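Trainee: Going line by line, the protein sequences match chains F and E.
Each residue of the first sequence is one higher than the one before, counting from 1 in the working numbering.
Each residue of the second sequence is one higher than the one before, counting from 1 in the working numbering.
Since the hints were derived computationally from the structure, they do not count as laboratory data.
Predicted, not measured: the structure shown is a model, and the values here were computed from it.
You may find that some hints are simply not true.
[Stated by the list, open to error] Below are the DSSO-like pairs computed for lysine-lysine, each with C-alpha atoms no more than 27 Å apart in a straight line:
#, chain 1, residue 1, chain 2, residue 2
1, F, 71, F, 57
2, F, 57, F, 100
3, E, 66, F, 100
4, F, 105, F, 71
5, E, 66, E, 20
6, E, 41, F, 17
7, F, 71, F, 1
8, F, 1, E, 41
9, E, 41, E, 20
10, E, 20, E, 55
11, F, 100, E, 41
12, F, 100, F, 71
13, F, 17, F, 100
14, F, 57, F, 17
15, E, 64, E, 41
16, F, 100, F, 1
17, E, 20, F, 100
18, E, 41, F, 71
19, F, 105, F, 57
20, E, 14, E, 64
21, F, 1, E, 64
22, F, 105, E, 66
23, F, 105, E, 64
24, F, 1, F, 105
25, E, 14, F, 100
26, E, 66, E, 55
27, F, 105, E, 41
28, F, 100, E, 64
29, E, 66, E, 14
30, E, 41, E, 66
31, E, 20, E, 64
32, E, 41, E, 14
The lines below spell out each chain.
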Amino acid sequence: KNQVEQSPQSLIILEGKNCTLQCNYTVSPFSNLRWYKQDTGRGPVSLTIMTFSENTKSNGRYTATLDADTKQSSLHITASQLSDSASYICVVSGGGSNYKLTFGKGTLLTVNP
Amino acid sequence: GAVVSQHPSRVICKSGTSVKIECRSLDFQATTMFWYRQFPKQSLMLMATSNEGSKATYEQGVEKDKFLINHASLTLSTLTVTSAHPEDSSFYICSARDIPGQGHYEQYFGPGTRLTVT
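Build the full structure now, drawing on both the sequences and the hints.
Mentor: Here it is, written out as structure tokens:
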């Protein structure tokens with residue numbers, strides 16, 4: 001069964017600090033892995049997309065890594081800001097004709113002043 | 001970037017009535033749109049895949065007669081919740097699939113619609 005597991009479930013950090021969110025998946029075949037940011041009551045917004053051959057990708061203060069061998073990904077946020085408070089969702093897209101997305105439950109990040 | 005809109009953003013209806021939610025791709029054509037439902041502190045759950053000009057494909061356990069989907073144009077898909085009940089109260093999110101040059105599909109999500117059935 002295709003699954004995406006994220007950890008931690010929730011995280012509280014102080015403004016200006018860094019943090020790393022984890023994602024493990026068992027989706028096969030694999031096409032790409034995405035990280036989304038979802039503010040409360042809003043739809044998800046894409047942060048990064050990585051294919052099998054990509055190990056790291058950055059988007060401003062967000063840096064995602066992918067290890068396709070161990071099926072693990074991480075999202076590192078540097079110099080956190082209050083506006084980073086949101087749910088961060090790891091999503092894996094299947095390959096071939098399996099285009100469907102498998103969603104993780106997300107990590108709820110709270111950045112406090 | 002590509003923008004997907006939803007209307008309404010919030011709706012409250014009485015039990016037994018029907019509610020229509022619209023999903024529009026504003027600056028690109030989407031042959032495929034997806035409808036998701038999200039309960040509090042849960043991940044998005046795919047309800048159905050909507051293909052322009054053809055019948056929607058529903059996920060297992062989703063009642064096609066209760067959740068009517070129409071994808072009449074390349075920029076508009078609608079979800080109608082018929083005979084709504086309180087357990088249908090949820091956050092409904094649509095997404096539209098683009099076909100970029102990178103070889104993989106990007107899905108752009110709408111802002112969501114909060115449905116409350118009283």
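Trainee: Taking the earlier hints as the rules, which of them does this structure contradict?
Mentor: Numbers 13, 25, in rising order.
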